[in-house]
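Let's have the full structure, built from the sequences with the hints guiding it.
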Amino acid sequence: MTAHSEKEAGPVLELENIHKAFGGVVAIENFSLDLKAGEIVALVGDNGAGKSTLIKIISGVHAPTSGTIRLDGEAVSFSDASQARSSGIEVVYQDLALADQQPVYMNLFLGREKVRKPFGLLDRQGMMQETQALVDELDVRIPSASATIRDLSGGQRQGVAIARATHWASKLILLDEPTAALGVAETAKVEQIVQSLRERNLAILIISHSLDQVFRLSDRICVLRRGVQIGIRETAKTDKNEIVSMITGLA
Amino acid sequence: MFQRTPAIARKFDLQGSVIYLGFIAIFLFFAVTLADDGFLTTRNLSNIVLQTAPATIMAIGLVFALSAGEIDLSFGSIVAVAALSGAVVMQEHSMFLGILAGLGAGLAIGWINGVLVAYLRLPSFLVTLATMGLFAGVARSMTDLRSIPVLNDTFAGFFGSGTLFGIPSLVLWTLGAVIVGHLVYRESRFGAHVIATGDNPRAAQVSGIKVPRIRLAVLMISGGCAGLAGLLYAGRLQAAKYTLGESDLMTVIAAVIVGGTALNGGKGSIIGALVGSLLMGMLNNGLILMGLAVSDQMIVRGLIILLAVAISLRDTTRA
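One line per chain: the protein sequences are A and B, in this order. By my numbering, the letter at position 203 of the first sequence is numbered 203, and the numbering carries on one by one without gaps. By my numbering, the letter at position 308 of the second sequence is numbered 1308, and the numbering carries on one by one without gaps.
For the record, the hints were derived by calculation from the structure and aren't laboratory data. Small disclaimer: the values here were computed from a predicted structure and weren't measured. Built from N, CA and C at the ideal position, the CB exists for glycine as well. Mixed in with the good hints there might be a few duds.
[Unchecked claim] DMTMM-like cross-link-like pairs, simulated, lysine to aspartate or glutamate; straight-line CA separation at most 20 Å:
#1 K171/A with D212/A
#2 K171/A with D151/A
#3 K114/A with E1187/B
#4 K117/A with E1187/B
#5 K237/A with D219/A
#6 K56/A with E16/A
#7 K36/A with D72/A
#8 K1267/B with E177/A
#9 K1267/B with D100/A
#10 K56/A with E14/A
#11 K1210/B with E177/A
#12 K1210/B with D151/A
[As the list claims (entries may be wrong)] Far from chain B by the CB rule (all over 12 Å, computed), these chain A residues:
#13 G10
#14 V25
#15 L33
#16 E39
#17 D72
#18 D80
#19 L96
#20 R220
#21 V228
#22 T235
[To be verified] Far from chain A, by Cβ distances over 10 Å, these chain B residues were calculated:
#23 L1034
#24 N1044
#25 K1267
This is the structure we're talking about:
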């Protein structure tokens, strides 16, 4: 039991000396980061800094050229995204990856639909109820679990995408620019949902271009510049000027 | 923000019901204008159902292909190749092998379409346009344009003129295909994956759905359905000829679109395709009873299909 609880206290995700090259082009150089449960870490950097590559490495789309990824202390290597998913890592993509003409509940269970025995027919009722319970819990305000995605606002769609990740993630959620396309009020709502994920004991890694948002949400900030890890700062102990100069490389 | 969107308004719009209203309207129109020409007789009405059986089955296959974001233009040629394959094999061998040959031909051509589309990423429109021509040629050369008689009575009964408990076998095939098609399409995980693939292939793929496998499967389903349709034609006419299925392309596509299936994927209905197919059959029948010349029938049918498709698409393209 003690060993178990010690393990729980340790980081959920450990990246150690991650290096990624595409042919001769180095995309990520010696990147190391620990993520703890209930912690929100922001990944910032200019365009082309390697943020998306890093997300793809963690989510199993790309394999690192060298370096170690540990999940709950165990070294893992994912050969594709579905392996990362079954290990409890979910991604909320920038384009949300929602099927627009389908209802919310079918999107929540996309690719992992619930079926009823003995004929394996879809359990629409069950999926609808679970979806409704989840969106209520997360306070994602949508007309109903059977509403069509196309009829929802940008913020509601983002809420659905986050709810889906929350439903399936047991360890880690990667959020790629979750509010890039949203207005002020919707951004506030989505940030509130992201904050509430802390209580679910999930580790969150968020990419954002908005430093205001990064300072509102994160516990720590990790800066990348041209594939090089410039540093990690505790959000409470740094300020925007420092982060901006880390991002741009200008003192 | 987060205000309620008018989802209720969507529920009551014409989207789903336009096909049923159209069906009733055209039925009533023919019932009144053709009352003296025998439109309403049981014999005529059951004829309509029997004649549309092959088209309905092709339409079911096409719903799967369209819903996954692909199209199959080759099913008409598959019908001919499958019917001829079945008939030729049955001349020498058992009925069972004939059926196997017919269905096998359909599935095989569907597989060729599917591999080219799913794994070589060629557009299905072009692939099936090419295989449509290719297999129309194959059908012609198979028997040097000759018609092959189907002399096996069991086969003719099973796929054509027979009855079971007084219900014509073609009706049973139609019902069976609609029920199985509907369950697979609406109530199975596979169906959900087909629809998701057509709606947003990237979302489907990142959700762990094997998108290429779905694309291959829907084109094989379309091919298999066309193969079955070929056998039904051969059973009903007790012969197979290269012309079978030749004129079904427009009718079946129209039936499916009018029945509420989106041309660009993500949305469809098997029941709608059945009603659409019956609508097309009724239209054919009515225009013949009206005594229109073949050329006029073609013009009127084309115009009505244009109108019907325009009405059905008006809703689906509204974002």
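Results of checking the hints against the structure:
no. : hint                : result
1   : K171/A with D212/A  : violated (26 Å)
2   : K171/A with D151/A  : violated (31 Å)
3   : K114/A with E1187/B : holds (11 Å)
4   : K117/A with E1187/B : holds (12 Å)
5   : K237/A with D219/A  : holds (10 Å)
6   : K56/A with E16/A    : holds (16 Å)
7   : K36/A with D72/A    : holds (10 Å)
8   : K1267/B with E177/A : violated (29 Å)
9   : K1267/B with D100/A : holds (10 Å)
10  : K56/A with E14/A    : holds (15 Å)
11  : K1210/B with E177/A : violated (26 Å)
12  : K1210/B with D151/A : violated (27 Å)
13  : G10                 : holds (29 Å)
14  : V25                 : holds (25 Å)
15  : L33                 : holds (23 Å)
16  : E39                 : holds (25 Å)
17  : D72                 : holds (22 Å)
18  : D80                 : violated (9 Å)
19  : L96                 : violated (8 Å)
20  : R220                : holds (27 Å)
21  : V228                : holds (28 Å)
22  : T235                : holds (26 Å)
23  : L1034               : holds (39 Å)
24  : N1044               : holds (38 Å)
25  : K1267               : violated (5 Å)
The earlier numbered hints that this structure contradicts are 1, 2, 8, 11, 12, 18, 19, 25.
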